[in-house]
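> Spelled out, the chains give:
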Amino acid sequence: AQSVTQLGSHVSVSEGALVLLRCNYSSSVPPYLFWYVQYPNQGLQLLLKYTTGATLVKGINGFEAEFKKSETSFHLTKPSAHMSDAAEYFCAVTPGGTSYGKLTFGQGTILTVHP
Amino acid sequence: ETGVTQTPRHLVMGMTNKKSLKCEQHLGHNAMYWYKQSAKKPLELMFVYSLEERVENNSVPSRFSPECPNSSHLFLHLHTLQPEDSALYLCASSQALAGGSNEQFFGPGTRLTVL
Chain A
1 AQSVTQLGSH VSVSEGALVL LRCNYSSSVP PYLFWYVQYP NQGLQLLLKY
51 TTGATLVKGI NGFEAEFKKS ETSFHLTKPS AHMSDAAEYF CAVTPGGTSY
101 GKLTFGQGTI LTVHP
Chain B
1001 ETGVTQTPRH LVMGMTNKKS LKCEQHLGHN AMYWYKQSAK KPLELMFVYS
1051 LEERVENNSV PSRFSPECPN SSHLFLHLHT LQPEDSALYL CASSQALAGG
1101 SNEQFFGPGT RLTVL
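Going down the list, the sequences are from chains A and B. Residue 106 in this note's numbering sits at position 106 of the first sequence, and the numbers go up by one each step. Residue 1016 in this note's numbering sits at position 16 of the second sequence, and the numbers go up by one each step.
A hint or two may mislead.
[To be verified] Derived SDA-like pairs (lysine to any residue); straight-line CA-CA distance at most 25 Å:
{"hint": "1", "chain 1": "A", "residue 1": "K102", "chain 2": "B", "residue 2": "H1077"}
{"hint": "2", "chain 1": "B", "residue 1": "K1041", "chain 2": "A", "residue 2": "S12"}
{"hint": "3", "chain 1": "A", "residue 1": "K102", "chain 2": "A", "residue 2": "Y39"}
{"hint": "4", "chain 1": "B", "residue 1": "K1040", "chain 2": "A", "residue 2": "D85"}
{"hint": "5", "chain 1": "A", "residue 1": "K102", "chain 2": "B", "residue 2": "L1045"}
{"hint": "6", "chain 1": "B", "residue 1": "K1040", "chain 2": "A", "residue 2": "S3"}
{"hint": "7", "chain 1": "A", "residue 1": "K102", "chain 2": "B", "residue 2": "A1096"}
{"hint": "8", "chain 1": "B", "residue 1": "K1040", "chain 2": "B", "residue 2": "T1113"}
{"hint": "9", "chain 1": "B", "residue 1": "K1040", "chain 2": "A", "residue 2": "N24"}
{"hint": "10", "chain 1": "B", "residue 1": "K1040", "chain 2": "A", "residue 2": "Q107"}
{"hint": "11", "chain 1": "B", "residue 1": "K1040", "chain 2": "A", "residue 2": "S73"}
{"hint": "12", "chain 1": "A", "residue 1": "K58", "chain 2": "A", "residue 2": "H82"}
{"hint": "13", "chain 1": "B", "residue 1": "K1022", "chain 2": "B", "residue 2": "H1079"}
{"hint": "14", "chain 1": "B", "residue 1": "K1019", "chain 2": "B", "residue 2": "R1063"}
{"hint": "15", "chain 1": "B", "residue 1": "K1019", "chain 2": "B", "residue 2": "N1058"}
{"hint": "16", "chain 1": "A", "residue 1": "K49", "chain 2": "A", "residue 2": "Q2"}
{"hint": "17", "chain 1": "B", "residue 1": "K1041", "chain 2": "A", "residue 2": "V113"}
{"hint": "18", "chain 1": "B", "residue 1": "K1040", "chain 2": "A", "residue 2": "L46"}
{"hint": "19", "chain 1": "A", "residue 1": "K58", "chain 2": "B", "residue 2": "Q1095"}
{"hint": "20", "chain 1": "B", "residue 1": "K1041", "chain 2": "A", "residue 2": "L46"}
{"hint": "21", "chain 1": "A", "residue 1": "K102", "chain 2": "B", "residue 2": "S1086"}
{"hint": "22", "chain 1": "A", "residue 1": "K49", "chain 2": "B", "residue 2": "N1030"}
Rather than coming from a laboratory, the hints here were simulated on the basis of the structure.
Let the hints inform the model, and build the full structure from the sequences given.
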């Protein structure tokens, strides 16, 4: 069984400030972890993913996330927010390995960026 | 067309109507998915198809009926829906079903309103 908890349904930052979106997961097997972004009236777009190897993962648009097994976390960060980052962000988990595993999503975090 | 397309983008229907949602992927993928995205709830996986065979039906009411005639097309047939079925319905595809690291590519969704 697996689950995802995103802490904070809304996060508001100023343009140029650090973005930190929190994600904690639970999984009975080593997980693969994903962050997706959804802009208004659009589908989900993959930002980055962790499967194996390096625990610091870099994605598109300057975002990165660090897999911390001891904390069961996969927080998303960006050093400097841009107005275009305003969107809803979803963390997701699936069982790692070769067998099929359902992608389980968190409830999402809406990021607002103020000028 | 590129990526995953969905039609219509918006649909309003009465509870006694019958309608269908269409999804087409132009990526050469072998697996396709239907998700439901309701306000304030995590994305819910509804159906999964691999090589035109249904591999998962996530306890979805029978008023939703999927069809996958080939690996590029996925339909969701709707009949006698309830107002609580109003949501954004997202289609996704991935190269293969097996393997937790496969990335799902999402369409823009169909915004469904049931009156």
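> Hint by hint, say whether it matches the structure.
Results for each hint:
1. Between K102 (chain A) and H1077 (chain B) the CA atoms are separated by roughly 23 Å; this keeps the pair inside 25 Å, and the hint holds.
2. Proximity of K1041 (chain B) to S12 (chain A) is assessed by CA-CA distance (about 20 Å); at most 25 Å being required, the pair is judged to hold.
3. A threshold of 25 Å between alpha carbons decides the hint, and for K102 (chain A) with Y39 (chain A) the separation of about 23 Å falls inside it, so the pair holds.
4. Between K1040 (chain B) and D85 (chain A) the alpha-carbon distance is near 21 Å, which keeps this suggested pair within the 25 Å criterion.
5. A distance of roughly 8 Å separates the Cα atoms of K102 (chain A) and L1045 (chain B); the hinted pair therefore holds under the 25 Å criterion.
6. The hinted pair formed by K1040 (chain B) and S3 (chain A) meets the criterion: a straight-line CA distance of about 16 Å does not exceed 25 Å.
7. At roughly 13 Å between alpha-carbon atoms, K102 (chain A) and A1096 (chain B) fall within 25 Å of each other, so this suggested pair holds.
8. Note on K1040 (chain B) and T1113 (chain B): the hinted pairing holds, with a Cα-Cα distance of about 16 Å set against a maximum of 25 Å.
9. At most 25 Å may separate the alpha-carbon atoms for a hinted pair to count; K1040 (chain B) and N24 (chain A) meet this at roughly 18 Å.
10. At roughly 7 Å between alpha-carbon atoms, K1040 (chain B) and Q107 (chain A) fall within 25 Å of each other, so this suggested pair holds.
11. Our distance criterion of 25 Å between C-alpha atoms is met by K1040 (chain B) and S73 (chain A), whose separation comes to about 22 Å.
12. Taking the CA atoms of K58 (chain A) and H82 (chain A), the gap is near 17 Å; set against the 25 Å cutoff, the hint holds.
13. Our distance criterion of 25 Å between C-alpha atoms is met by K1022 (chain B) and H1079 (chain B), whose separation comes to about 15 Å.
14. Distance hint between K1019 (chain B) and R1063 (chain B) is fulfilled; the C-alpha atoms sit about 11 Å from each other, no more than 25 Å.
15. For the hint pairing K1019 (chain B) with N1058 (chain B), the CA-to-CA distance comes to about 21 Å; that is within 25 Å, so the pair holds.
16. Restraint check: the Cα-Cα separation between K49 (chain A) and Q2 (chain A) comes to about 17 Å, which is no more than 25 Å; the hinted pair holds.
17. Distance check on the hinted pair: K1041 (chain B) and V113 (chain A) sit about 23 Å apart at the alpha-carbon level, within 25 Å; holds.
18. For the hint pairing K1040 (chain B) with L46 (chain A), the CA-to-CA distance comes to about 21 Å; that is within 25 Å, so the pair holds.
19. With a CA separation close to 22 Å, the supplied pair K58 (chain A) and Q1095 (chain B) stays within the 25 Å bound.
20. Straight-line distance between C-alpha atoms of K1041 (chain B) and L46 (chain A) comes to about 20 Å, which keeps the hinted pair within the 25 Å bound.
21. Between K102 (chain A) and S1086 (chain B) the CA atoms are separated by roughly 23 Å; this keeps the pair inside 25 Å, and the hint holds.
22. The straight-line distance between the Cα atoms of K49 (chain A) and N1030 (chain B) is roughly 21 Å, inside the 25 Å bound, and the hint therefore holds.
Checked against the numbered hints given earlier, the structure satisfies every one of them.
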